[in-house]
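Chemist: Sequence:
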Amino acid sequence: MAKDTELEMICRNSPPVTQPHGDPFPQRKNQIVYHPTVKQWMALVSGALIFIPGGMSMAFGLGWNLHTHIHTTMQLRYSWFVGFIFGALMAAPLIKCVPKRLFMLLGAFLVIIGGIIFTSVPYNYSAILAARYINGIAIGGTTLAFLVHASEIAATENRGFCLWLEQNSMTIGIVIQVVYSSQWTSQVHFAGDRLHGIIAIIFGVLSICCAHFIVESPIFFIRQCDDARALNCLRQLQRPEHAAPQTLQVLLHQLKTYVVETETVEWRDTLVQSPFLRLLLYRSMVAFGFSLPMNEAMKVANLVVLRDYEWQPIVFVILRVGGTFSSLYMFDVTGRKLVSLVALLLTGVLSIAIGGEYVDELSVVSEYHMSVICVLSQVFQFFAGLYAPSSSVYLSEAFPMSLKPYFIAACLTLQQVIHIIVICTFHFNTYSMYVYTLFVGILMLVLFVVFSLTMPETRKTTLGEAQIRFRKLLHLKCC
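If you count the sequence shown from 1, position 296 lands on 296 in our numbering, and the numbers rise without skipping.
Bear in mind the hints are in silico, worked out from the structure with no lab data behind them.
A hint or two may mislead.
So the derived label-pair ranges between C-beta atoms look like this [what the hints assert, rightly or not]:
| no. | residue 1 | residue 2 | range |
| --- | --- | --- | --- |
| 1 | 478 | 306 | 37 to 43 Å |
| 2 | 74 | 359 | 45 to 51 Å |
| 3 | 264 | 41 | 43 to 49 Å |
| 4 | 126 | 308 | 30 to 36 Å |
| 5 | 310 | 366 | 16 to 22 Å |
| 6 | 74 | 264 | 43 to 49 Å |
| 7 | 446 | 97 | 51 to 57 Å |
| 8 | 428 | 225 | 43 to 49 Å |
| 9 | 473 | 126 | 26 to 32 Å |
| 10 | 368 | 322 | 44 to 50 Å |
| 11 | 97 | 246 | 17 to 23 Å |
Here are the simulated PhoX-like pairs of lysine-lysine, each with C-alpha atoms no more than 25 Å apart in a straight line [to be verified]:
| no. | residue 1 | residue 2 |
| --- | --- | --- |
| 12 | 460 | 472 |
| 13 | 39 | 477 |
| 14 | 460 | 477 |
| 15 | 39 | 96 |
Predicted, not measured: the structure shown is a model, and the values here were computed from it.
Glycine included, each C-beta is placed from N, C-alpha and C at the ideal position.
Model the full structure from these sequences, guided by the hints.
Modeler: See the structure below:
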């Protein structure tokens, strides 16, 4: 009864408009708008800057802390992922009532605090461990808020591009961590972890500056029954030529309709109609794309072939970011499904190929086998980077609004749990690598078939239309 009253309040002040479900931008029907407005950029860049230190911290825990001055324990590796889970789960119930600007500001402040600890006491194990927990909490909460916020303020034509920023920024952080960690030398009288902290502080400060200009999602104020502020947000987020009062009223009515329709969806309906289970599996594949075993395989192979960390790790991450950037416009032009399926298929094939090099126990000391693993690992990262951003896009589109924060948090949690399990159970040897890579490769190939049949194409659809498609189980078209 309370929910019905709330929904009545949402629509109470909504005057009837002509053609409420018509397209307010008919001139866009045959035109793809690639770039968000400046206001949208400012809202998204703040979160994107926070994710760069997050990518660095993730890479730190997955093997790329080569010149740290503290003992690398299992807890030090998985601490960031535990913090991430805590941050995401804490943020989920607050999404409806806390403005996104506060999420970004709090995340940036926590990143700065962690960076200060890294910079001040790089030789203190307990302090660095605490800093990693703090950074994980910051990134977990910010990731959830960013995915919800970006999906609500992005135009239909460029929602894929806007959500792409999350994984792109994480990848840039991975690049920074891998490059400076692998190229650092003991002759430098400056702690590598101190540089890690300085970079985190810089991006945290930049994020705070950008967070000042964030425009809240109109949907946030519609759920608060504040039409005036919702209209003001719509006016700021639209291009000037599309900000006529009548157009804004049509958009406001459409958003209210979307809010009413998605607020009434129950948990059991979403579970039965299965997008939640599909997205759990879909996002979990990102964890296998950049993992401790794959990084250890790359490092060992590099040492066997070149006797030192030279140019191979740089190529390793350049291809990773190259794959991520290759998907920049693909999601909004060719579609999400085709690009992600091709990337998942080739990633699975390459994982099996890497496993084939570990059949012989002596392969780990063979320059030939290790050089093959170097090449395969680098190409593997390209396709893993191509796949990862699609998971952010699908996460933001699949779930009804009232349940979206909780289901996204659950998917993010499973991703981090996989990392934690692998960190706690994996010990590098030829047999472990053989089993791991074959398991990952076969799993990816099986899920490639599953996703080919069940994942919808959501290019150029509204959030409501995308969620209707996700409610169907079978989707055979790839574009």
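Chemist: Is the hinted range of 17 to 23 Å satisfied by the C-beta distance from residue 97 to residue 246?
Modeler: Violated, since residue 97 and residue 246 (Cβ atoms, about 31 Å apart) do not stay within the stated range.
Chemist: Does 43 to 49 Å hold as the CB distance between residue 428 and residue 225, or does it fail?
Modeler: violated (57 Å)
Chemist: Does residue 477 lie within 25 Å of residue 460 when you go C-alpha to C-alpha?
Modeler: Satisfied, since the Cα-Cα distance of roughly 15 Å is no more than 25 Å.
Chemist: Could you see if the CB distance from residue 473 to residue 126 stays within 26 to 32 Å?
Modeler: For residue 473 and residue 126 the Cβ distance comes to about 50 Å; the hint is violated.
Chemist: Measure nothing beyond the straight line between the CA atoms of residue 39 and residue 96; if it is 25 Å or shorter, mark the hint as holding.
Modeler: Roughly 21 Å separates the two Cα atoms, so the pair holds.
Chemist: Can you tell me whether the CB distance of residue 310 to residue 366 sits inside 16 to 22 Å?
Modeler: holds (19 Å)
Chemist: Is 45 to 51 Å respected by the C-beta to C-beta distance linking residue 74 and residue 359?
Modeler: violated (28 Å)
Chemist: Do the beta carbons of residue 126 and residue 308 sit within 30 to 36 Å of each other?
Modeler: Roughly 32 Å apart at Cβ, these two residues keep to the hinted range, so it holds.
Chemist: Is the hinted pair residue 39 and residue 477 satisfied, with a Cα-Cα distance of at most 25 Å?
Modeler: violated (35 Å)
Chemist: Holds or violated: the 37 to 43 Å window for the beta-carbon distance between residue 478 and residue 306?
Modeler: Holds, at about 41 Å.
Chemist: Holds or violated: the 43 to 49 Å window for the beta-carbon distance between residue 264 and residue 41?
Modeler: Given about 34 Å between the Cβ atoms, the range is violated.
Chemist: Hint says 43 to 49 Å; check whether the CB-CB distance for residue 74 and residue 264 agrees.
Modeler: Holds, since residue 74 and residue 264 (Cβ atoms, about 45 Å apart) stay within the stated range.
The structure fails to meet hints 2, 3, 7, 8, 9, 10, 11, 13 from the earlier list, while all remaining hints are met.
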